[in-house]
Amino acid sequence: MSRRPLIREVPPATWFLRHPRYMRYMAREVTSLFIGAYCVLLVVAMQRLSAGPAAWQGFLEALRSPGSIAFHILAMAAAFYHAGTWFNATQKAMPLQIGEEFVKGSYISGAHYLVWAVLSVAVLFLAGVF
Amino acid sequence: MAKSNKPVVWFPFAAGGTVIAFCMPVIVVLGFLAAVGRVPPGLSYEQLHAFASGGLGKLVLFGVIALSLWSSAHRLRCTCYDFGLRADTLIATLLYVAAIVGSIATAVFLLRI
Numbered sequence: 003m004s005r006r007p008l009i010r011e012v013p014p015a016t017w018f019l020r021h022p023r024y025m026r027y028m029a030r031e032v033t034s035l036f037i038g039a040y041c042v043l044l045v046v047a048m049q050r051l052s053a054g055p056a057a058w059q060g061f062l063e064a065l066r067s068p069g070s071i072a073f074h075i076l077a078m079a080a081a082f083y084h085a086g087t088w089f090n091a092t093q094k095a096m097p098l099q100i101g102e103e104f105v106k107g108s109y110i111s112g113a114h115y116l117v118w119a120v121l122s123v124a125v126l127f128l129a130g131v132f
Numbered sequence: 022m023a024k025s026n027k028p029v030v031w032f033p034f035a036a037g038g039t040v041i042a043f044c045m046p047v048i049v050v051l052g053f054l055a056a057v058g059r060v061p062p063g064l065s066y067e068q069l070h071a072f073a074s075g076g077l078g079k080l081v082l083f084g085v086i087a088l089s090l091w092s093s094a095h096r097l098r099c100t101c102y103d104f105g106l107r108a109d110t111l112i113a114t115l116l117y118v119a120a121i122v123g124s125i126a127t128a129v130f131l132l133r134i
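Protein chains in written order, with the numbering used here: chain S, 3 to 132; chain E, 22 to 134.
The shape of chain E in the complex, shown without the other chains (with noise of 0.2 Å):
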């Protein structure tokens, strides 16, 4: 039988453009209000440091963010070929690993918490 990658790359994909599709609209409004200087009550220092102190916290910050990573790595390499740039290995491998830097990263600043 073929072995094929591509399942292990698909699977966080479609993960994380679901979560992408279903979080992100609002987690950008809740930043586009902090922007505008009204600061939702969630976004103060002691709100958002006691929601990421729980274990459910960390876990719904991780899961959102690392997903969300490595979607948008792989969405931005398949933009990358469309607009011409053909060295997809390279990007492929700047964007994976770049995903998975920003996402151990995550974790450690959770866990710091």
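Chain S extracted, bound-state conformation (with noise of 0.2 Å):
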């Protein structure tokens, strides 16, 4: 008799369509494109401020097309969805215990959630948006 282990067929690139959880984890994932691709956009919105006030001037006048406005919310959806699903799992990446308790999870993403909130208003004003 030979032996037969158990090879499972898995197809390599829509293996993730089998269940709600693996599209959510490659939603996740294709964050990293916007994210990336923004990343992008801001070495190049450097070189253009290193450029002098003509170069910057006509940089924020290219981000005033179409594409640019439908990319930029693309890359706020993608930026925002990285941000509250990292939040989301630093209650399990990072555990802490205090004595013999556990903190809540909650507080720990909790807590996260709040940096983030102070940290962006204070960007936002710091930046003169209000």
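Be aware that a few hints might be false.
A few chain S residues that don't get close to chain E, going by computed Cβ distances all over 10 Å [stated by the list, open to error]:
{"#": "1", "residue": "C41"}
{"#": "2", "residue": "E103"}
{"#": "3", "residue": "G112"}
A short, non-exhaustive set of chain S residues, derived as facing chain E with CB atoms under 8 Å [as the list claims (entries may be wrong)]:
{"#": "4", "residue": "E31"}
{"#": "5", "residue": "V45"}
{"#": "6", "residue": "P55"}
{"#": "7", "residue": "L65"}
{"#": "8", "residue": "I71"}
{"#": "9", "residue": "N90"}
{"#": "10", "residue": "K94"}
{"#": "11", "residue": "P97"}
{"#": "12", "residue": "F104"}
{"#": "13", "residue": "G107"}
{"#": "14", "residue": "Y109"}
{"#": "15", "residue": "Y115"}
{"#": "16", "residue": "L116"}
{"#": "17", "residue": "A119"}
{"#": "18", "residue": "V120"}
It is worth saying that the hints were derived from the structure and are not from the lab.
Please read these numbers as outputs of a predicted model, since none were measured by experiment.
C-beta: ideal position from N, C-alpha, C; glycine also.
Assemble the dimeric complex from its two separately framed chains, guided by the hints.
In structure tokens:
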């Protein structure tokens, strides 16, 4: 009798369609595309800033194209989704023990959300948005 | 003891993930405001240039951009693999080189300001 090991065929490109949990995982993975692209935009921004006022003004005007607005909306969705899932994961990634008890997971994630909110409002304030 | 290059890749990845989570949403919001024509005063040439002229400003901008680049490169590598692109060594090399080049370029641009 020959030994027949169990080999599970996993489709390499469509495996995640099988389960909503995999889909959510991949949705989070896809946010890296937009965030990566936005990082490239930030590098370009630094180049334009270093090239003088006219170059910077041209960069700001280029941002106003419809494609750029659409890209910004997608990048915002990606950035917020990444942030939310990251903060939700902190309670699993770094559980905090004080004495015998573990600190409630919601407190750890909540503290991250709070710091995030304060930091974001501070940046918006310093940038003169309000 | 088995040697691994994983910590070298992992540390900037985790730091970058944290930086992206905390900083990227508000940065994209600022960019979005500029894109819809309501340029925040902080993104005017005078104010942003003044911020980037200082040592602290340079450090903040470089830290945010370089760590985000590295983290994105690592995540894109995983994303490619998950979508069935299994040429991992090639993809990893391309993405990490891109992240390093982007970081060096950012440093050069900032030092010119």
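Exercise for the section: Please name the hints from earlier in the document that this structure breaks, with their numbers sorted from lowest to highest. Expected result: 1, 9, 10, 11, 12, 13, 14, 15, 16, 17, 18
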